[in-house]
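A.B. asks: The primary structure of each chain is shown beneath.
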Amino acid sequence: MMLLSRVARATLAAAFGALLALPAVAAQPGAAFPEVPTPYLPSTTVAVEEILRLADVKPGDLVVDLGSGDGRIPIAAARYFGARGYGVDIDGKLVAEANENARQAGVADRVRFEQKDVFQTDISNASVVTLYLLSGLVNRLQPKLLKEMKPGARIIAHDYPFEGWTADRTVNISKTYYLYVVPAQAGGRWRLATQLPEGERIFDLDIKQDRQKVSGGARVQGGFLPLFDAQLAGDRLRFVLVDEQRALHFEGRVNGSLLEGSVRMGIGNAEVTRPWRATRVLGAGDEG
Amino acid sequence: MRAALATLLVAASGMLAAADFPYDVPYVPTPPPVVDELLRLADVKADDYVMDLGCGDGRIVIAAAKKFGARGLGIDLDEDLLVEARANAEAAGVTDKVSFARQDLFKTDLSPATVITMYLLPSVNRRLKPELLKLKPGTRIVSHDFDLEDWQPDAKSTIRKNAFLWIVPAPVAGVWRITTEAGPNLPAHSYEVEVRQKYQEIDGHVRGQRVSAGLWQPRLEGDKIAFVIVDSQNRIGESAPAGSPPEASLYFDGRVEGDAMAGIVRRDVGNARTAARWRAERVKS
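From first to last, the protein sequence lines stand for chains A and B.
Note that the numbering used here gives residue 258 to position 258 of the first sequence, counting from 1, and the numbers run on in steps of one.
Note that the numbering used here gives residue 1088 to position 88 of the second sequence, counting from 1, and the numbers run on in steps of one.
Chain B extracted, bound-state conformation (with noise of 0.2 Å):
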């Protein structure tokens, strides 16, 4: 559901003359289909609050409130959809889960949202971006028809038309400092580790003497990351196999939360598999 903020010019969108239009992006209600495949992509859940940017005559927040008993706040800046919207609230027995506002997006708080929907245009959506990437990390944004351009979508649907999603990410860029506790088989240890961020896309860079090397398999969703480092060194003291280097591949994964990280790290497979804790630091940003 497209519609309606002023700010920008109508040429915009160029399929429309400014003098019969009075709004940033037209109003095309988003079709039953693609309404389900958003909700659907967002993995919308009961205790979601769904702000959708261009309301239009609500369904989105309707469907969220009715189908998975979210809450939502419509915003849009045509005053007579928002009749439209509310009335179909009322008739959806919703209205006690969505609201309805006038108001243009850029001047919308957007941080209580757990998920955002919007079908906006090219130029509204690369304006919007920033502001989208300040969100709480773990935010999904779901989009109908247009993408963030260079942000990655993390899921895309092309059920009739296009839908993608986006998890904001936590930011990890910097120099960490990692340490493992001592478990089962797995030495206690600590790694100096430099974290490149785009987006969600990570990459790093591991220093020290044990290990110069990358982090492999790296992902961050929101405020979850895992990551695994090849310790060239963390065999030591065990049979590794004739012919095998005594290095062990340590998977980690945890939580992000400002300039701290935490979580588990596991060695080994099958029967053979061990875990610790580990936590970071941010050493440098």
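This is chain A alone, in the form it adopts within the complex (with noise of 0.2 Å):
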């Protein structure tokens, strides 16, 4: 019973989660295994606290708890962030004591839950999105957290981690926290053009990217660079490229087809910023 106690609150029976996300495969009896129902096992103080501190919750954050139980983590956002909260839950008597509960802590004109299945909830406005569900659940929501959420919304899963995405950062007080930051699409083709100290400079990049992860290089003149240290926390991008005698820090945002920031050369006293811009020529999924 090892698995059950080390989980949560959650409650979605998750085998109903599968009929209604996957019917292929429950059309064919046998064809995946029987789920195991999220138990409710309620977060401790603790891990309410390490789950805000990892999230960084601030005033103007919406976070929204995926099987919310007695609604502790949202109204805890509310109560000790100023954040709004909603959370929902597959078991109505869980969702009417959440109710409740946010409004004894005062919160309810900021906090509230409904019952409902995660696959059908609305978190494209959510900023921050929390799970404590069984491993199966967790990576089936993958797909859709990635796809809905906005680049730079957090996501925090406790226990379980999301498979072949690694965690923007793990944390380990008693139980594993981990803080995913939803990705920017900045795979593809890019014209990056900037106007360095000695003149105009265009960069053909060529990005790819596996969620976070980004790398690739840029074709110029008479050669290929490498993009050094390149890194994505979701719509900041930053890489170094090293031409001849200098390394060029790119940074920026990822805005859509356009991508804007700022590259510096040197260090100290002779360090010099230029701006940069580029425009998408072909999308992650264009190329060939």
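In case anyone wonders, no lab produced these hints; they're calculated from the structure.
Check each hint, because a few of them may be wrong.
[What the hints assert, rightly or not] Pairs of lysine-lysine, PhoX-like flavour, derived with a Cα cap of 25 Å:
#	chain 1	residue 1	chain 2	residue 2
1	A	208	B	1161
2	B	1156	A	208
3	A	208	A	150
4	A	213	B	1161
5	B	1156	A	213
Build the complex: two chains, separate frames, hints provided.
C.D. replies: Structure, rendered in structure tokens:
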């Protein structure tokens, strides 16, 4: 029972979730493992705090808890950080309890709970999503979260991480908490132009992306410069190109088919910063 | 900038015949982007004293002086290169900040350095490591290309070549008695903690009836230490949510000075966060 005892709240009859989300699988008896429903075991106070700390919750946030149980996470986010909160749970009794708890905590104007399947929940406005669900459900939710949440939004998973998506940060305090920052779409081909001290430079960037992992290089006249230390955090992209005698540190924001930011070269009092801008030539999915 | 240590045999390098080459480490100038990267990684400031071990033509300490206003000393065994380094310092207008000396690095007092830069060979790094560990906690060491084996770097840059940063850790192994003062919502208490250390990597075990667990998220950076203790009884007397044990995580931040530590301990989150002072003494090494 180790597994069950480590699982806290959350109450999604995961098997129902599977039926709703994956009718093709459900239609073939025996084709899929019957998933263990996530039992309800409330997160401890320590766990609630670690989740909110790791998410770095701010007053402007909307914290959505998928499998919200008695509502303690969105309520704490509202009460201690001034955020707004929303939670869904499949268990109607817990939802009623959560709404009552929000009222008693004096945050009912900012926090709401509904009885709903997680797969049917609108998370497009969530800046923080928290999960304490069994691993099968966590992983089936991954595509939905990546697709519907905005770049820069944070996901905190408790004990059960995503498969194939490396956490941006992992914290171990009694239990393990994983922070994921939803990445923007940076992959593809970009034409980057910048006005360096010696004149205009054009770099044709090829960026490969798998979730927040980016790599690639720039085609320049007479060669190819690899991207060094390339990092994507939400919509913020950074990478370094080294040409001849200096390193060019690019930092910018991805905004659809536009990438804009500043490039820094040199150090100390010899540091120079210039603006740069890139437009998308081909999307990640468009490459033959 | 690598160069010039006479104490080891050239055979260590393998790529040069002993007859051609009188020093342990061949002279290979560090490319300018890497000089920048090393100084950036070391986070050099105007009040730093940078020592470059095997300084060649002096480019690292000269750049540190010229671009950050730091002072520096470059040592090398090759007199011709030192002549060049001094001329370069003069051309850069930093002779008041930097000096160069013909010196064996193993016979050099490294203790005045706040930053050490080096581009040596693995065998030389290995010999140097115990000396580096004796430096004042917080001293930064940056190395181009070669690491310090089982001493993991605190940071690493892979821009074109590998550059590594180490921060000399304070020695913290032993048994410590930690005492927290009472704060708002934070009862005074003392904990006995056994700390184990390998370079900057630390872990610990908290002894006592209330806590029987490790130190969570332990971090040591120079003389700065941070860790979390989950105290199972810290919430007694408060209204913990139903079904939740009365435990609290206590975030410790502090500084180490010899056999003492002191700092701030924090509890709770957001607008409920409280803090109090803590101190610790080493009761057993």
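A.B. asks: Work down the list of hints and note, for each, if the structure agrees.
C.D. replies: Verification of the supplied hints:
1. Proposed proximity of residue 208/A and residue 1161/B is supported: the alpha carbons are some 22 Å apart, at most 25 Å.
2. Simply put, residue 1156/B and residue 208/A have alpha-carbon atoms about 23 Å apart, close enough for the 25 Å limit, and the pair holds.
3. Annotation: proposed proximity of residue 208/A to residue 150/A holds, straight-line Cα distance about 20 Å (limit 25 Å).
4. A hinted pair counts as satisfied when its Cα atoms are at most 25 Å apart, and residue 213/A with residue 1161/B qualifies at roughly 21 Å.
5. Between residue 1156/B and residue 213/A, the direct Cα distance comes to roughly 18 Å. Compliance with the 25 Å bound is thereby established for this hinted pair.
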